[in-house]
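Visitor: Sequence:
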Amino acid sequence: MNNYGTMLKKIRQEKGLSQKDVYEGLMTRQTYYLIETNTSMPSFDKFLIILEKLFLSVEEFLELLDPTSFPTENHLYQQLSHAVFKKDEKMFDLLIEKSQQLYTATNNKKYFHLNLITQAMTCLNKEQIKPEDMAILKQLLFPIKQYLIGIDKWYLYELRLLNNSLYCFELSEAIALGILVGKKIDRLSNMEDYQDIKLRIYLNLSCLCLNNQDYENTMYFSILAKENAKKDYRLFETIIANLNYEIAQVANQEKQINDKITKYLTILDGLDYQETIYEYQKTLSKNHIH
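Take 1 as the starting number for the sequence shown in full-length UniProt numbering and just add one per residue.
Some hints could be false.
Claimed, not checked - Restricting the straight-line Cα-Cα distance to at most 30 Å, the calculated cross-link-like pairs of lysine-lysine (DSBU-like) are:
(1) K145 to K286
(2) K231 to K53
(3) K110 to K130
(4) K130 to K86
(5) K126 to K153
(6) K53 to K110
(7) K10 to K110
(8) K231 to K126
(9) K145 to K10
(10) K109 to K153
(11) K109 to K98
(12) K230 to K53
(13) K98 to K53
As the list claims (entries may be wrong) - Here are the simulated distance ranges between beta carbons:
(14) A135 to I277: 28 to 36 Å
(15) D133 to E14: 36 to 44 Å
(16) S43 to N125: 44 to 52 Å
Hints are computed from structural coordinates only; laboratory data are not their basis.
Only a predicted model underlies this, so the values are computations on that prediction, with no experimental measurement involved.
Built from N, CA and C at the ideal position, the CB exists for glycine as well.
Given these sequences and hints, build the entire structure.
Guide: Printed below as a string of structure tokens:
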């Protein structure tokens, strides 16, 4: 904990906060200066308030301060992403075993959640998914659902967890939580990681609503995704958000395919996203758009 103050200062500066934003109403400027220079250690109750003003959980702070506290969590999530992309069954099995070992050793819920999500991804990556598989998935991920609904304060971890488990909620619950992201958690809006995960949540919600033929909410979340994608100049995400919006609008009005849908599919073809185009062809057929 020798560099706790240096880390607090780094986090504060990265979030665009002044020292006054943190110490005001809590302690004097000089007292807080001594904390940031590693000269003085705050009491635990004041330390918690400082973290709250920095929009950070204790676990997130300790992880940043000493990565060895959680030696493999982020690395494991990166491995999971690779396993999903490559559909690597062997890697799925290794991750399930490793996350279970870590949870048993540490009793850290993050490893338990990772274990559940990895099991779910293993199921979702099968060639054919039966209706009963989705029921099993929802039951498997129910502890994550309980955790997200029951927790009062959300941080980046909760946002990532929501994004990875959207499919375990009923559509109405997923929509309600997606709206909560925009209304209740904008205190993190100046964080780059937050903007990225917020974009992904809106984009995934637009896809989820389109898959369930909820066209009004597809357009709603597509607009939010487009707004966030433009801020970071995200080409692929902007195309997908626009495509979802146009498909929902056409399907909602029971019209035939329009030039914009054709244009976005052509752009995806030029970018060599063949699998994405194939999935959208199935979506168009499902929504009776020819």
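Visitor: Keeping to a limit of 30 Å between CA atoms, is the pair of K109 and K98 held or broken?
Guide: holds, 14 Å
Visitor: Next pair to validate is K98 with K53; report whether the Cα-Cα distance is within 30 Å.
Guide: Not satisfied, since the Cα-Cα distance of roughly 35 Å exceeds 30 Å.
Visitor: Is the Cα-Cα distance between K10 and K110 30 Å or less?
Guide: With a Cα-Cα distance of about 25 Å, the restraint between K10 and K110 holds, given a limit of 30 Å.
Visitor: Hey, K231 versus K53, does the alpha-carbon distance stay inside 30 Å?
Guide: holds, 25 Å
Visitor: Is it true that the CA of K110 sits at most 30 Å from the CA of K130?
Guide: holds, 29 Å
Visitor: Can the restraint linking K53 and K110 be considered satisfied, given a maximum Cα separation of 30 Å?
Guide: holds, 23 Å
Visitor: Check the following: the C-beta atoms of A135 and I277 are separated by a distance inside 28 to 36 Å.
Guide: holds, 30 Å
Visitor: Is it true that the CA of K145 sits at most 30 Å from the CA of K286?
Guide: At roughly 29 Å apart (the allowed maximum being 30 Å), K286 and K145 satisfy the hint.
Visitor: With a cut-off of 30 Å on the C-alpha distance, tell me whether K130 and K86 pass.
Guide: holds, 22 Å
Visitor: Would the pair K230 and K53 pass a check requiring their Cα atoms to be no farther apart than 30 Å?
Guide: holds, 29 Å
Visitor: Would you mind confirming whether the straight-line C-alpha gap from K145 to K10 stays at or under 30 Å?
Guide: At roughly 33 Å apart (the allowed maximum being 30 Å), K10 and K145 break the hint.
Visitor: Given the hinted pair K109 and K153, is their alpha-carbon gap at most 30 Å?
Guide: holds, 16 Å
Checked against the numbered hints given earlier, the structure breaks hints 5, 8, 9 and 13 and satisfies all the rest.
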